[in-house]
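Colleague: Here is what each chain is made of, one letter per residue.
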Amino acid sequence: MDKLVLLVVLPLLAAFLMPVLARSSQVLARLSGLLVLLISITLVLNVWGEVDKQAISFAIGGYQPPLGVVFYIDQLSLLFALLIPVMVLIFWPWNRPSSIQEYSLMMLLTASASGLMLSGDLFNIYVFYELLAVASYGLVSVQVRQGQHPVVAWVASLRYLLLGSVGSVMMLLGIAIIYLQTGTLNLAQLSLLAPEALNNITGLSAFVLILVGLGVKAELFPVNTWVPEVYAGVSTRLSALMAGLLSKLAVIVIVRLLVLLFPQPEALHLMTVLGMLGVISGELVAWRAKDMTRMLAFSSIGQLGLVFIAFSLPGNIGLLAGFAIALHHLVVKPALFMLAGGWSGRLEKLSGMAQSSPYHVALFVLLAMSLLGVPPLPGFWVKLLLVMNLAVQTDPVYHFALAFMLLATVLEAAYLYRVVMLFYKKENHTHASSQHSLFDWITAIALAAVLLISVVQLPSVERKLVSMAYQSGNRLLYIHTVFANIGTPEARIDRMSPTDQAKQPLVSEPSIKEKAIKEDLVLGSAEQ
Amino acid sequence: MNMTGVEGIVLLGAIGLIMIGLAGLFMSNNVFRMVLALVILESGANLFLILAGFHGLGIAPIFLSNHAISDAGHMMNDPIPQALVLTAIVIGVGVQALALALILKIKAHYNTLDMSEIRQQMEYDLAKNNDVTLPASAQSPDSLVRSKVICQAEQTQPDHIQAKADVQQIGGSVNG
Chain Y
1 MDKLVLLVVL
11 PLLAAFLMPV
21 LARSSQVLAR
31 LSGLLVLLIS
41 ITLVLNVWGE
51 VDKQAISFAI
61 GGYQPPLGVV
71 FYIDQLSLLF
81 ALLIPVMVLI
91 FWPWNRPSSI
101 QEYSLMMLLT
111 ASASGLMLSG
121 DLFNIYVFYE
131 LLAVASYGLV
141 SVQVRQGQHP
151 VVAWVASLRY
161 LLLGSVGSVM
171 MLLGIAIIYL
181 QTGTLNLAQL
191 SLLAPEALNN
201 ITGLSAFVLI
211 LVGLGVKAEL
221 FPVNTWVPEV
231 YAGVSTRLSA
241 LMAGLLSKLA
251 VIVIVRLLVL
261 LFPQPEALHL
271 MTVLGMLGVI
281 SGELVAWRAK
291 DMTRMLAFSS
301 IGQLGLVFIA
311 FSLPGNIGLL
321 AGFAIALHHL
331 VVKPALFMLA
341 GGWSGRLEKL
351 SGMAQSSPYH
361 VALFVLLAMS
371 LLGVPPLPGF
381 WVKLLLVMNL
391 AVQTDPVYHF
401 ALAFMLLATV
411 LEAAYLYRVV
421 MLFYKKENHT
431 HASSQHSLFD
441 WITAIALAAV
451 LLISVVQLPS
461 VERKLVSMAY
471 QSGNRLLYIH
481 TVFANIGTPE
491 ARIDRMSPTD
501 QAKQPLVSEP
511 SIKEKAIKED
521 LVLGSAEQ
Chain A
1 MNMTGVEGIV
11 LLGAIGLIMI
21 GLAGLFMSNN
31 VFRMVLALVI
41 LESGANLFLI
51 LAGFHGLGIA
61 PIFLSNHAIS
71 DAGHMMNDPI
81 PQALVLTAIV
91 IGVGVQALAL
101 ALILKIKAHY
111 NTLDMSEIRQ
121 QMEYDLAKNN
131 DVTLPASAQS
141 PDSLVRSKVI
151 CQAEQTQPDH
161 IQAKADVQQI
171 GGSVNG
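Line by line, the protein sequences are chains Y and A.
Residues 1 to 528 (my numbering) are what the first sequence spells out, left to right.
Residues 1 to 176 (my numbering) are what the second sequence spells out, left to right.
Where hints are given, some of them may not hold.
Claimed, not checked - DSS-like cross-link-like pairs, simulated, lysine-lysine; straight-line CA separation at most 30 Å:
| no. | chain 1 | residue 1 | chain 2 | residue 2 |
| --- | --- | --- | --- | --- |
| 1 | Y | 464 | Y | 425 |
| 2 | Y | 290 | Y | 464 |
| 3 | A | 107 | Y | 425 |
| 4 | Y | 349 | A | 105 |
| 5 | Y | 426 | A | 128 |
| 6 | Y | 425 | Y | 349 |
| 7 | Y | 425 | A | 105 |
| 8 | A | 128 | A | 107 |
| 9 | Y | 464 | Y | 349 |
| 10 | Y | 290 | Y | 349 |
| 11 | Y | 53 | Y | 349 |
| 12 | Y | 426 | Y | 3 |
| 13 | Y | 425 | A | 128 |
| 14 | Y | 426 | Y | 349 |
| 15 | A | 105 | A | 128 |
To be verified - Facing chain A, a subset of chain Y residues (Cβ under 7 Å, in silico):
| no. | residue |
| --- | --- |
| 16 | 147 |
| 17 | 154 |
| 18 | 232 |
Unchecked claim - Not close to chain A: a few residues of chain Y, all C-beta gaps over 12 Å, as computed:
| no. | residue |
| --- | --- |
| 19 | 28 |
| 20 | 97 |
| 21 | 169 |
| 22 | 413 |
Source of the hints: derived by calculation from the structure; they are not laboratory data.
Don't be surprised by glycine CBs; every beta carbon is placed ideally from N, CA and C.
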């Protein structure tokens with residue numbers, strides 16, 4: 001199992017060795033980056049079957065938790081550990097000559113993103129998040145969009161950096177508050193202590209601070225001002241990577257913390273409200289956008305708002321809906337960005353495009369229909385899941401969320417329909433033509449193929465998502481897995497000071513379901 | 001947390017630094033000052049984190065023998081927050097250096113450090129390169145600031161201002 005740490009170590013090594021290697025051989029340096037990505041993918045695929053059965057965890061450097069740093073791997077983190085190298089490989093700057101430093105930053109991005117997904121330690125999450133942020137500031141200022149002056153990207157990068165740094169400081173403050181309350185940073189032990197120590201106003205304020213910090217990357221409502229500037233200034237490949245993958249990583253971390261650390265219903269309500277504001281503001285501005293990239297950037301804010309609403313549903317069903325929407329967006333939005341790469345300029349210029357490049361337009365229509373939720377496509381099923389589960393909630397805030405979501409979908413339909421109408425307008429003397437590079441076109445087709453395959457394979461996709469949601473929504477499983485090597489958490493508490501033991505029962509009022517899961521675990525270990 | 005007098009003062013100092021930093025970031029319009037405010041904000045957060053593991057009478061862990069740790073654990077300052085702060089300081093310095101490098105580049109091109117001006121010029125450039133008209137909200141505050149921009153930059157970059165005016169004209173005609 002320990003070899004999974006290579007997912008972080010190898011790209012990190014490559015990031016710093018590539019510029020040195022490039023001094024002797026440019027080709028070797030460039031190939032080494034790709035090689036590391038391929039190794040990462042094989043590593044993940046090797047343990048895929050094993051993690052399907054049960055989650056695993058290992059301590060790094062031989063120090064046992066809660067003092068040592070642990071990696072925790074369940075189906076969720078493994079799926080993203082696979083998606084990170086795959087997406088980086090897809091959105092590698094294939095289409096233009098780039099400097100070795102750019103590749104180096106891409107590797108840094110891979111390393112920190114993998115670390116963010118696998119880490120089971122709050123402070124490690126902070127460090128990897130910062131690394132991810134630094135790598136993306138660098139990439140934003142380097143990968144300038146074609147035809148754009150680089151100064152635009154520098155300004156976008158600076159504004160992103162200022163906002164991101166404030167977010168990071170807020171997150172650090174949140175972590176400091178949690179440490180003050182509990183005296184530990186290990187997620188499993190925090191989860192053990194959370195029902196007692198964090199289920200109060202202090203814990204809630206820590207959650208708000210961390211939410212603001214991670215929300216910068218997750219395009220959460222008040223801290224997403226960087227989105228339109230950055231996505232309009234950088235190359236569409238980087239926009240696709242950021243909108244598709246990086247925003248989801250931050251969301252997944254928020255969800256992980258929400259499940260393990262913050263059991264308050266207020267935390268969920270806060271996420272619903274921010275998600276509602278995000279979805280409505282994003283779609284309203286996208287409706288007014290005058291060029292394709294900006295429209296997609298604002299629409300991505302709206303979609304992320306939808307993800308937040310889904311994750312704010314209580315229980316495993318919220319996780320299921322959230323994963324479904326997030327993964328759907330992860331496939332569709334990058335494909336749309338790839339198509340938008342060849343359609344720069346204002347929307348009116350695209351009039352009559354269907355005559356000159358019918359296949360590109362057809363693909364756009366397909367992706368737009370899935371984004372909207374037209375029945376046979378996956379977008380329909382994820383939205384149906386969300387709508388049905390919002391409707392059965394008794395809490396009125398979810399009914400507001402439902403209304404906002406449907407309104408936003410109408411807006412989305414309005415602007416996407418407008419673009420499609422423009423595409424199919426009859427123009428006698430059209431000069432419109434697509435300028436897609438071959439790589440962009442192939443990427444878009446591949447992502448659309450994934451979308452269509454998931455239509456055919458809908459039952460198995462659903463099974464996978466359900467087991468993923470069940471596994472990642474299980475607090476006790478996390479605790480038991482991390483502390484498996486040193487006995488049960490109860491034993492661990494015995495070894496802690498006697499006062500702590502008196503203060504901290506294992507779980508305050510475990511629900512019937514949690515009890516059942518616990519019994520399952522005990523039975524499972526007895527069988528072994 | 002039982003606080004002695006010193007800790008109370010330090011806590012107040014940490015919160016004060018955070019407040020000063022946030023106020024500086026939101027109220028200042030000069031990018032360099034914004035970076036400085038960020039530095040203050042980060043030191044406030046770091047001080048707060050240090051305080052999380054600080055005991056009024058504690059000593060640094062390396063000065064304790066093994067025996068002393070088991071005897072009087074409560075006398076030790078918690079080393080974990082100190083390690084965290086060390087990491088946070090290093091990350092902060094790196095990010096601030098990157099910010100300054102970006103500011104230098106931007107200053108060389110736009111010849112201003114004013115955030116709202118930088119942002120407007122960027123919006124113009126973006127709109128020009130994308131061949132779109134600016135949205136009304138981005139256009140409106142321009143009439144207030146433009147006189148300032150021209151006063152400051154007339155001698156240095158007349159052609160750039162001219163380009164800006166051109167874009168505006170295009171925008172106006174399309175809107176009209």
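Colleague: Next, verify each hint and record whether it holds.
Modeller: Do the hints match the structure? See the list:
no., hint, verdict
1, 464(Y) / 425(Y), "violated, 42 Å"
2, 290(Y) / 464(Y), "violated, 39 Å"
3, 107(A) / 425(Y), "violated, 45 Å"
4, 349(Y) / 105(A), "violated, 33 Å"
5, 426(Y) / 128(A), "holds, 28 Å"
6, 425(Y) / 349(Y), "holds, 11 Å"
7, 425(Y) / 105(A), "violated, 44 Å"
8, 128(A) / 107(A), "holds, 20 Å"
9, 464(Y) / 349(Y), "violated, 43 Å"
10, 290(Y) / 349(Y), "holds, 11 Å"
11, 53(Y) / 349(Y), "violated, 53 Å"
12, 426(Y) / 3(Y), "violated, 59 Å"
13, 425(Y) / 128(A), "holds, 26 Å"
14, 426(Y) / 349(Y), "holds, 13 Å"
15, 105(A) / 128(A), "holds, 21 Å"
16, 147, "holds, 6 Å"
17, 154, "holds, 5 Å"
18, 232, "holds, 5 Å"
19, 28, "holds, 28 Å"
20, 97, "holds, 21 Å"
21, 169, "violated, 5 Å"
22, 413, "holds, 22 Å"
Violated hints for the displayed structure, listed by number in ascending order: 1, 2, 3, 4, 7, 9, 11, 12, 21.
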